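So the protein lines, in turn, are chains V and S. Sequential numbering from 1 applies to the first sequence in the working numbering. Sequential numbering from 1001 applies to the second sequence in the working numbering.
Since the hints were derived computationally from the structure, they do not count as laboratory data. Here the structure is a predicted model, which means the values were calculated and not measured. Please note that the accuracy of each hint is not assured.
As the list claims (entries may be wrong) - Beta-carbon label-pair distances, calculated as ranges:
# : chain 1 : residue 1 : chain 2 : residue 2 : range
1 : V       : 188       : S       : 1074      : 42 to 50 Å
2 : S       : 1378      : V       : 471       : 52 to 60 Å
3 : V       : 63        : S       : 1053      : 40 to 48 Å
4 : V       : 155       : S       : 1358      : 29 to 37 Å
5 : S       : 1060      : V       : 18        : 53 to 61 Å
6 : V       : 456       : S       : 1296      : 44 to 52 Å
Claimed, not checked - Quick list of in silico lysine-lysine cross-link-like pairs, DSS-like style, CA-CA up to 25 Å:
#  : chain 1 : residue 1 : chain 2 : residue 2
7  : S       : 1161      : S       : 1359
8  : V       : 107       : S       : 1375
9  : V       : 305       : V       : 163
10 : V       : 24        : S       : 1443
11 : S       : 1359      : V       : 107
12 : S       : 1443      : V       : 109
Where a beta carbon is used, it is the ideal one built from N, C-alpha and C, also for glycine.
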Amino acid sequence: MDSLLSIIVFLPIVVGLLMLLVPKEQFAVFRWGSFLAMLATFFLSLPLLNGFVTSDQMQFVTKLPWIPEFGIDYHVGIDGISLFLVLLTNLLGPLVVLSTFSAVQDKVKQFYVLLLVLQTGMLGAFVSLDLFLFYFFWEVMLIPMYLLIGVWGGQRRIYAAVKFFIYTIVGSLLMLVAILYLYNNGPVDPATGKHTFNVLVLLGANLSAAQQSWLFLAFALAFAIKVPLWPLHTWLPDAHVEAPTAGSVVLAGVLLKMGTYGLIRFAIPLFPDAAVQWQMPILILSVIGIVYGALVAMVQTDVKKLVAYSSVSHLGYCVLGLFSFNLLGASGSVYQMLGHGLSTGALFLLVGVIYERRHTREISAFGGLAQTVPFFTFAFVFTTLSSVGLPGLNGFVGEFLVLLGAFGENRVLGIIAASGVVLGAVYMLWLVRRFLFGPLVHEENKNLPDLNGREWLVLAPIFILMVYMGVQPKPFLSRMEPSLQKAYSRVEQVRARAALEEELPGLFEASSPANAPASSPAGDSSETGEEARTAPAPGEGAEVDTGFDPLSLRMDDQRGQDVDPTDGVFEGVAR
Amino acid sequence: MTTSLPQIGLADLAPLLPFLVLCGGGLLLVLIDALVRGRPGFPWAPITALLPIGALVAYAARWDHMTGVTKTFGPMYIEDAFGGAVGVLVCIATLLAVGLSGSYLDKVGRSRGEYYALLTFSASGVVLFVSTTELLSLFLGLELLSIPVYVLSGYLRKDPKSLEAGMKYFLLGAFSSAVFLFGGALIYVASGTTNLVAALQKVPGDPLAQLGFIVLLSGFLFKAATVPFHMWTPDVYQGAPTAVTAFMATAVKAAAFGALARVLFAGTSVGQLIPVSDMLWWIAVLTMTVGNLAALTQSNVKRMLAYSSIAHAGYLLIGLVVYSGTGDPDALSGVLYYLLAYTLMNIGAFGVVIAWGEKGREHLEIPDFAGLGWKSPALGLAMLVFMVSLAGIPPTAGFFGKYFIFRNAVQNGYTGLIIIAVLNSAMSVYYYLRVLVALYMQKPVREINLGRPQVVGLVVAVCAVLVFWVGFAPNSFLPGVPAIVDWVQGAEIVGR
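From just these sequences and the hints, can you work out the full model?
Structure representation (structure tokens):
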């Protein structure tokens, strides 16, 4: 089973390349071929879920030398974070293909080949444990997405495609420089005695605060563009509006998660000092993004654009959760990534359904659809409720956890971010009101066909999962927890240390700050626990008289538990 | 001063074998041309293709000798790994350019023997140029490689653009040769020797030699088409026959960079004479920035590729900045790898342009390519690969070329330079994407009739496959490249 992950990653592209050999008139071959390939990938990834042992270790690891001279390996594996993102990608894959059966009539062959290549790129990026390999897949994704938007897109598709490409590449090239710098200044792989791109080894890098700061900024810029974090978001509405339905679904469902995934997999664990240093600016940007995205979504006249801005808002929550630096926020953030993938994916699919029938997405062209297409209305309202975070559906859990986490970190930001939930309900429900209810004024809408069997088949799995994730978050959260703990272990150390230093100035004068994170190579959690445990004693005493108030203590107070502070942050959520 | 002439026997000619194959072959072509003059349909291209192949065989035969350093004709010609590596590269470029020329000249209807003879002479000049540190043979190589290219640029003498290109290149080229010679003269005056290595060791800090070397450097930089010596490039690249442009952009560029690298090596002492690394730093930054900025607004694809070649010269210079600053041989390996990648993707791109041209009318404006990605899918796909590779996106050779140079520069502490380079690289994406936008996202404006398969198609296919191959598996699948890299690293680059 060692090669299972590699099979999952490369099956789509192999099928895609084989399809290049088929004559271009064979539409059925391309449609069913890619559907079956995606479906097979999905079923192949179920054993990952079964075989996954809840721990903080990488699993299903394959490591083969690729360019050994430069320490580049083909090194893949998954942990509790990437497991679910891979599953999400593979779930959306077949559904997206199914949704395009009637929508794509032009250049069918190339469309499906690109979709399959894109799938491999995304899966590869999620499972890469080698920074070079990650960069490789990260860039490989660009070209298919660029062509999907540029060739099959709407009116301003060329503008949108080029903008998408340039935005992304500026960030990724700076990240490449950072990767190279990290490679040259990072630790050597004990196995080979050479410099390495192995993330697990690089976690032990011994970098000064200034080095970390620059490297973190380069990584964070690339990921923030992809997320997209305000004010780097402007490519997203353009790309979403102009992309074909399938492109929008993949973009919203998976590609955006690449940014948040990168933050939690690379930027935060690799550069803990810098992450702590830049925490506040990023938190503020993400809160601005939440509110701004919601406000701008409110005034949109194009449904797709509205959903696009809602993505800016929702992804703001993800970043907010990640940079709250506590388990509540982080697990809520990953949960929100999954939830947003489902709900926004479904929204784009539904918009695609109606666009196929009416060839317009102007909200004013609709109204009163509830009378003619009840099932579509049901599906749209259901998805809307998931998106606005109705308790009992998936959106609620993620948002709630993120807000809890943010609240624990910074009350003011938490309150402002919570207003995004209200605004989210406003723009989505207002959309529902204008789009589906009210009088049926347009003649063309009177004879709209309702959802057909294929469209139900696309939506049903998403709906079932929305309910399941809404009522049963535990199976997801418990699997994520150890990996998240590990991802944050170095940040916790830095914070615990900073807290101590505030208490007892001069305690660490002897050793330079840079040595602290390096003392725990590859984020060894047992050691982390040890070090962190030394922190609380002075911290607890301090709370009374100096107002020193580390997040962890506050979180514990809220839960009314008497738990060791730094450990406590990482416990309890999933229980 | 009288010195006894060295005794020259046949054995002394052996290191010159690749050069002799090319140069002698060129002479032979002139002879054949005289015999078959006027006979239409004479298979010039296949016959000429034998010469670079022959030179490659000669390199293979001398392979073992090149791990060391052999000098012949006194110090006039050096046979070593570095010269061999550049020579092999140039032979590959020449072979591919000959492939393009066959189809191109058929389309413009001027297939003549002298064209191929000139191309071969120029290739032999490159081989000489990169295999010496003697000012005299350097100049000989420079002229031997340049003069045929002047003629070739103006080869289409009924086309005013081609004539303009030839004239412009000739005048400026002749001027730069004179400058080069002047620099050499100054160095000779200062040191009393024409051997650069010896000269540099004799005169550290001599202002005359400093001036001489700077002037000499500008001669190299002219050939390499770097800012501020780049003005001729767009006009000449645009006006010259497309196949010649492909040759110029690859083989001539490789020659300039190869020779410059060798001269820079000739002294670690160059660094003591003038702050050459700092000078090149600025020239590299200017070259890539000016090249990329100017390329953004071009609508003629040849002109765009001309500016892009200026930008790529800037990236290549990074390798030389690092090399002259630190002496790290990895930097040279990076330059060599980049030259190979650049040769493949550039010749490929020109090949697609030629293949899509019509008899008697080339379509060179980017809007002319609208929709061709769908009308002619194979060539379109190849063009996609070349553009993506030129933009430096994985998994292509262009990406790994940049990667190797950038990685090495970061390793040696040139992070600032690399940040400028990647921002430039991001800028360049825009104009390469314009070609793809036309190819795939716009409605076709013209019908295209490719007719029977042409040699150019084969060249394009070979380039596209290699761009992927070299890119995807820079070492394990292409034994040649790492072998050259190891070879260069292992061998002493210049005999003293």
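Taking the hints in turn, this is what the structure says about them:
no.: 1; hint: 188(V) x 1074(S): 42 to 50 Å; result: 47 Å, holds
no.: 2; hint: 1378(S) x 471(V): 52 to 60 Å; result: 53 Å, holds
no.: 3; hint: 63(V) x 1053(S): 40 to 48 Å; result: 42 Å, holds
no.: 4; hint: 155(V) x 1358(S): 29 to 37 Å; result: 32 Å, holds
no.: 5; hint: 1060(S) x 18(V): 53 to 61 Å; result: 38 Å, violated
no.: 6; hint: 456(V) x 1296(S): 44 to 52 Å; result: 49 Å, holds
no.: 7; hint: 1161(S) x 1359(S); result: 18 Å, holds
no.: 8; hint: 107(V) x 1375(S); result: 12 Å, holds
no.: 9; hint: 305(V) x 163(V); result: 16 Å, holds
no.: 10; hint: 24(V) x 1443(S); result: 19 Å, holds
no.: 11; hint: 1359(S) x 107(V); result: 30 Å, violated
no.: 12; hint: 1443(S) x 109(V); result: 18 Å, holds
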